[in-house]
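K.L.:
Each chain is listed here by its residues.
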Amino acid sequence: MAMSSGKTEVLWPIGGIVLLLPSTALAMHIAEGILPAPWAALWFALAAPFVFWGLRDLRLRSEQVPHFKPLVGLVGAAVFILSCMPIPVPSAGTCSHPCGTGLAAILIGPWLTVVVTSIALVLQALFLAHGGLSTLGADTFSMGVAGAFVGYGAFRLARRLGAGWMLAAFLAGLLSDWATYTVTSFELASALRGDGSLSTLFVAILAAFVPTQLPLGIFEGFLTAGAYRFIYVRRPELLQKLAVGGSS
Amino acid sequence: MKRVFIAGMVVIVLAVGLWVVIEHSNAKWSGVDESVVEKFAEQANRPARKPLIDIGEGDLPLFCFLVAGAVGGFIAGYHFRELFPPNSRAKADAKSV
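First to last, the sequence lines map onto chains A and B. So the first sequence is numbered by the working numbering: it starts at 1 and just counts up by one. So the second sequence is numbered by the working numbering: it starts at 1 and just counts up by one.
Worth flagging that the hints you see were computed from the coordinates, not collected in a lab. Heads up, the beta-carbon is just placed ideally off N, CA and C, and yes, glycines get one too. Please note that the accuracy of each hint is not assured.
Derived contacts from chain B toward chain A, CB cut-off under 7 Å, selection only [said to hold, decoys possible]:
id, residue
1, V16
2, V20
3, V21
4, I22
5, H24
6, W29
7, G31
8, S35
9, V37
10, F40
11, A41
12, E42
13, A44
14, L60
15, C64
16, P86
Computed beta-carbon distance windows for the label pairs [unchecked claim]:
id, chain 1, residue 1, chain 2, residue 2, range
17, B, I22, A, A45, 22 to 30 Å
18, B, V4, A, P215, 22 to 30 Å
19, B, V67, A, P36, 29 to 37 Å
From the derived model, a few chain A residues whose C-beta atoms are all more than 12 Å from chain B [said to hold, decoys possible]:
id, residue
20, D57
21, S199
22, L216
With the hints as extra help, turn the sequences into a complete structure.
P.N.:
This is the structure in structure tokens:
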């Protein structure tokens with residue numbers, strides 16, 4: 001009954017908003033106005049094919065698997081919440097947030113993760129002053145594309161090399177987080193370097209992220225492994241239904 | 001039950017530890033958007049602009065959260081059985097896959 005009205009389910013991340021405090025988020029997203037227009041447009045152009053392919057994937061897989069869209073929406077809500085959740089890092093004296101894209105990628109696949117990430121980022125940019133609309137392409141590329149594909153690749157590679165699924169999930173979370181911030185550093189360095197050296201600025205920005213993101217990436221690894229284990233124990237059929245985690 | 005108790009105690013100890021560190025630290029606890037992204041952007045003369053839709057004033061954020069919560073809650077409730085099926089149905093699904 002419900003699947004006939006399936007298109008509304010992609011709005012699921014909205015549900016996550018209710019769990020958030022109405023305060024400014026502390027995040028890695030690139031804010032409005034930081035990227036010059038040509039760079040912002042370039043990142044839109046690079047992210048767009050992934051989003052369109054993800055939407056195609058959503059249509060095809062929801063035709064094959066009943067109740068697929070609500071599950072994708074639920075994963076999207078998780079990405080929305082995790083990527084808004086400021087966590088203090090005592091070793092650095094700053095706050096940052098996990099991304100959730102590693103977990104999403106091993107549950108629903110990297111293409112769909114790009115879609116749910118882009119929806120989460122739109123809502124955050126519109127209502128939470130978290131990122132910007134003009135920088136949406138860059139934020140989608142760093143968090144959605146890089147985070148999802150690196151996390152998914154790490155998971156598959158680790159499984160292929162014989163690692164247990166818990167370790168593979170840990171690596172997915174860890175590397176997806178670090179990949180996100182590495183690509184963010186590159187986006188900033190390439191757009192802001194002026195006449196300076198790209199590599200010097202890239203390394204400087206990356207090094208500035210390290211004190212916060214090094215421990216937070218490890219935290220995200222444990223978070224991903226814990227969430228994956230919870231689903232594996234409680235709802236193993238879900239992993240088979242989503243046909244990414246369960247197949248490995 | 002014992003495992004839940006141990007996990008709860010670990011969470012409480014970690015939370016108290018974190019609270020102590022935060023309370024007794026001089027750190028600003030700013031986000032990396034501020035301490036890294038905006039710092040480098042300002043050095044390059046590209047400071048962040050105000051968001052296009054700024055809802056930071058008055059009760060407007062509260063209203064937006066209420067509306068979003070109501071919409072999200074309605075959708076979640078509408079699909080509740082599909083998202084969280086009874087155990088019997090979940091087991092049947094698992095066998096059929």
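K.L.:
Taking the hints in turn, state whether each one holds.
P.N.:
Hints, verified against the model:
This hint is violated: B/V16 has a C-beta 13 Å from the nearest C-beta of chain A, more than the 7 Å allowed. Hint on B/V20 is violated. Least Cβ distance to chain A is approximately 10 Å, over the 7 Å limit. Here the hint on B/V21 is kept, as its CB sits about 5 Å from the closest CB of chain A, short of 7 Å. Given the 7 Å rule on beta carbons, the hint for B/I22 holds: about 6 Å separates it from the nearest Cβ of chain A.
Annotation: interface hint on B/H24 violated; nearest CB of chain A at approximately 10 Å, more than 7 Å. Satisfaction of the interface hint for B/W29 is found here, the shortest Cβ-Cβ separation to chain A being roughly 5 Å, below the 7 Å cut-off. The beta carbon of B/G31 comes within 2 Å of a beta carbon in chain A, closer than 7 Å, and the hint placing it at the interface holds. The beta carbon of B/S35 is positioned within 7 Å of a beta carbon in chain A (closest approach about 5 Å), and the interface hint is therefore held.
Because the beta carbon of B/V37 sits about 6 Å from the nearest beta carbon in chain A, less than 7 Å, this interface hint is met. Below 7 Å, beta-carbon pairs count as interface contacts, and B/F40 has one with chain A at about 6 Å; its hint therefore holds. Given the 7 Å rule on beta carbons, the hint for B/A41 holds: about 4 Å separates it from the nearest Cβ of chain A. A least Cβ separation of about 9 Å between B/E42 and chain A goes past the 7 Å threshold, and the interface hint is therefore violated.
Restraint check, B/A44 versus chain A: the minimum CB separation of about 4 Å is within 7 Å; hint holds. Checking B/L60 against chain A by beta carbon gives a least distance of about 9 Å; that is not within 7 Å, so the hint is violated. The restraint placing B/C64 at the interface with chain A holds, with a minimum CB-CB distance near 5 Å, inside the 7 Å limit. The criterion of a C-beta within 7 Å of any C-beta in chain A is not met by B/P86, whose closest approach is roughly 12 Å, and the hint is violated.
Taken as a hint, the range 22 to 30 Å is violated for the pair B/I22 and A/A45, whose Cβ atoms sit roughly 42 Å apart. A beta carbon spacing of about 27 Å between B/V4 and A/P215 agrees with the range 22 to 30 Å that was offered as a hint. Taking the beta carbon of each, B/V67 and A/P36 are about 35 Å apart, inside 29 to 37 Å as hinted. Against chain B, the non-interface label of A/D57 holds: every CB pair exceeds 12 Å, the least being about 20 Å.
Every CB of chain B lies more than 12 Å from the CB of A/S199, the least distance being 15 Å, so the non-interface label holds. With a minimum CB-CB distance of about 9 Å to chain B, A/L216 fails to clear the 12 Å threshold, and the non-interface call is violated.
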